[in-house]
Amino acid sequence: MDTLRLLVVDDEPGMRQGVARALRNYKFGLPDVNGDVWFTIDAAETGEEAIGKIASAPPDILLLDHKLPGMSGLDVIDRMGRPEAGMVTIIITAYASLETAVTAIKHGAYDFLAKPFTPEELKTAVRKAAESLILTRQARRLAQEKRALRFQFISVLAHELKAPLGAIEGYLHIIKDKAAGSDPAVYDHMIERSLIRAEYMRKMIGDLLDLTRIESGQRKRELATIDVREAAKSAIDTASHEAKARSVTMSLHCPASVPMTADRAEIDIILNNLVSNAVKYNTDGGRVDVTVLENAGTVTVAVCDTGIGMTGEEASRIFADFVRIKNDKTRSILGSGLGLSIVKKLALLYGGDVAVKSAPGAGSTFTVTLTSSPEGQKARGAQAQAAV
Amino acid sequence: MATILLVDDDVDLVEMCRLVIEHRGHAVKSAYSAAEAREVLKTCAPDLVVLDVMMESETAGFELAREIHEARPETPSIILSGVHSATGVPFRFEPDPTWLPVVKFIDKPVPPTALADEIDAILKK
Chain A
1 MDTLRLLVVD DEPGMRQGVA RALRNYKFGL PDVNGDVWFT IDAAETGEEA IGKIASAPPD
61 ILLLDHKLPG MSGLDVIDRM GRPEAGMVTI IITAYASLET AVTAIKHGAY DFLAKPFTPE
121 ELKTAVRKAA ESLILTRQAR RLAQEKRALR FQFISVLAHE LKAPLGAIEG YLHIIKDKAA
181 GSDPAVYDHM IERSLIRAEY MRKMIGDLLD LTRIESGQRK RELATIDVRE AAKSAIDTAS
241 HEAKARSVTM SLHCPASVPM TADRAEIDII LNNLVSNAVK YNTDGGRVDV TVLENAGTVT
301 VAVCDTGIGM TGEEASRIFA DFVRIKNDKT RSILGSGLGL SIVKKLALLY GGDVAVKSAP
361 GAGSTFTVTL TSSPEGQKAR GAQAQAAV
Chain B
1001 MATILLVDDD VDLVEMCRLV IEHRGHAVKS AYSAAEAREV LKTCAPDLVV LDVMMESETA
1061 GFELAREIHE ARPETPSIIL SGVHSATGVP FRFEPDPTWL PVVKFIDKPV PPTALADEID
1121 AILKK
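Residue numbers (this note's numbering), protein chains in the order written: chain A, 1 to 388; chain B, 1001 to 1125.
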C-alpha cells in the first residue's frame, strides 16, 4: 500500500472541498506496487500558505490553482524549488490555453487541468501524476542500488589487484637493496614468484574484461553451430601442461559430436575455467573427467576432479564475484575469484545453470547445463536474466 | 637473535618478510590465518608478532592482537595491513591500550626492509 500526500491550493473554498471529496476514498492499483495507492488530502488558500506547508511537509502531488490572490501558481512553483524526493505539480486553470499549459510545464509543472472539471477528470489527472511519480521513484531507487553494487565491486577489485602488486613491489625492493643475502638462488626464487603473481594479475584483468563484456552486452556475440566436443578437447589441451606437471590424468567422455548453437568463445570460457580449476584444485596424481551429454535440447557438461573438495558452506558461496576459499590447502593456489562467477553468468545466458557437488577431500563435480537451440536460450535466458 | 611470528594470508608477503628478517639474523615462524597463529602460539613464544588484519574475517587481526596482549602483555605486536585503503574508513586505526594493543600500525604496502627496520628498532627498546 502506498499513501501519497496531496496538497490542493485554491482560493475558492468550493474547489478545495470538491477536490477533497472526490479523492478522499479514491484508490487504484499499480502493477509493481503492493496494494492500492491512495491519498491523504491537505489544502491551502493562498500561495504563501502553500509555500509554508510545502517547506514543512512536502506533498507528493501538488494541485495548484494558476490564478491565486497575491502570488500566482507559477510563482509558487518558482519559489519552492525542486524538492529532493520529487514532487509532481498539476496546474489548475480557468484560462485553459496552449500558452498557459506551455508556460506551466516550462516552470516545472507535470500536467494541467482546465476548470471546470468533473471528479472523473480530476481522478484521471491525479492517477496519471501518481503513476509517473511512483515509477520515477522506483527507477531512482534501482539506479541507487546499482551504483552501490558497482562501488562495492570496484572496491573489492582494487583490493584484489593491490595484493599481487604489493607482492611484486616487495620482492623488487628486496632485489634492489640486495636485502636477502648473497645466495643467487634466493633472488631467482623472488623473481619467479613475482612473475607468477604478475601472470595471475594479468589473468584477473582478463577475467574482469570477460565479465564486463558479458554483463554490459557490449561484445557482439557470434552465434553459430559449434561442436561442444571440440571445445572440451581444446580446454583439456589448454590445461594439459599444468596437469602433466602435477601428474593429473584428464579424460573426455563424449559422443562423436555434440552440436549446439553458441558463441564458441563463450563456451571456451566456461570449459577453460572448469577444467583449469579441476587441475588447480586437484591433488598430485589425481584425475579429471570431463563428460559431455546431449539430451532433449540440453547439453550437459560435467567436470569431475579428485581434488581437495570443499564444504557445503563454501560450495554455496563460490559462484559470487571475488569469492575464493581460503584454507591451508588453497593458500598457494592463485586465482582471480571471478572464474566461476563468469561461468554462472554465461550458463544463465544459455538458458541453463551451473551446480557443484563436493565434499572436503572427496573432490568436486561441476555440472553446467546449456540449452542447445537459440529459441530455448532466448526464452529461458531472458527469464534468468530478469531474475538476476 | 629474536623469534618473529609473521601472520598474513598472502604467502608472498610472509615469504618476502621472512627472507629479509632471517637475513638480519632472526628466526621466523609463519601463520597464514589468525587460527593458525593461535596454534603456533601454543608451542612458541615469539619476541614480536607482525599481524595482518583482514584474514578469516574483516577484523581477525584486531581480535588476535587483543588476545596476544592479554595472554602475553610483554610481547609487542605490529599491525601490517591494507585495512585503511580497503575499507575507506574516514579515520585512522591507531595503537590503543584497550582496543588495539599494538606498538605500531603500518599501512601496506611497505618495503620489507622498512618493516625489518621497525622490528629491529622495537626489539632494541
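Calculated from the structure, these hints are not laboratory results. These numbers were taken from a predicted model, which means no experiment stands behind them. Wrong hints could be hidden among the right ones.
Listed below are the simulated DSS-like cross-link pairs for lysine-lysine, each with C-alpha atoms no more than 25 Å apart in a straight line [what the hints assert, rightly or not]:
| id | chain 1 | residue 1 | chain 2 | residue 2 |
| --- | --- | --- | --- | --- |
| 1 | A | K220 | A | K178 |
| 2 | A | K326 | B | K1029 |
| 3 | A | K27 | A | K203 |
| 4 | A | K27 | A | K115 |
| 5 | A | K123 | A | K233 |
| 6 | B | K1124 | A | K326 |
| 7 | A | K244 | A | K203 |
| 8 | A | K53 | A | K162 |
| 9 | A | K27 | A | K178 |
| 10 | A | K378 | A | K220 |
| 11 | A | K176 | A | K280 |
| 12 | A | K357 | B | K1042 |
| 13 | A | K123 | A | K27 |
| 14 | A | K178 | A | K203 |
| 15 | A | K178 | B | K1042 |
| 16 | A | K280 | A | K203 |
| 17 | B | K1104 | A | K329 |
| 18 | A | K162 | B | K1042 |
| 19 | B | K1124 | A | K329 |
| 20 | A | K280 | A | K244 |
| 21 | A | K27 | A | K67 |
Now for the hints, and whether the structure bears them out:
no.	hint	verdict
1	A:K220 with A:K178	violated (50 Å)
2	A:K326 with B:K1029	holds (20 Å)
3	A:K27 with A:K203	violated (56 Å)
4	A:K27 with A:K115	holds (23 Å)
5	A:K123 with A:K233	violated (66 Å)
6	B:K1124 with A:K326	violated (36 Å)
7	A:K244 with A:K203	holds (21 Å)
8	A:K53 with A:K162	violated (53 Å)
9	A:K27 with A:K178	violated (79 Å)
10	A:K378 with A:K220	holds (16 Å)
11	A:K176 with A:K280	violated (32 Å)
12	A:K357 with B:K1042	violated (36 Å)
13	A:K123 with A:K27	holds (9 Å)
14	A:K178 with A:K203	violated (30 Å)
15	A:K178 with B:K1042	violated (35 Å)
16	A:K280 with A:K203	holds (14 Å)
17	B:K1104 with A:K329	violated (31 Å)
18	A:K162 with B:K1042	violated (33 Å)
19	B:K1124 with A:K329	violated (37 Å)
20	A:K280 with A:K244	holds (12 Å)
21	A:K27 with A:K67	violated (29 Å)
Going through the hint list in order, the structure does not satisfy hints 1, 3, 5, 6, 8, 9, 11, 12, 14, 15, 17, 18, 19 and 21.
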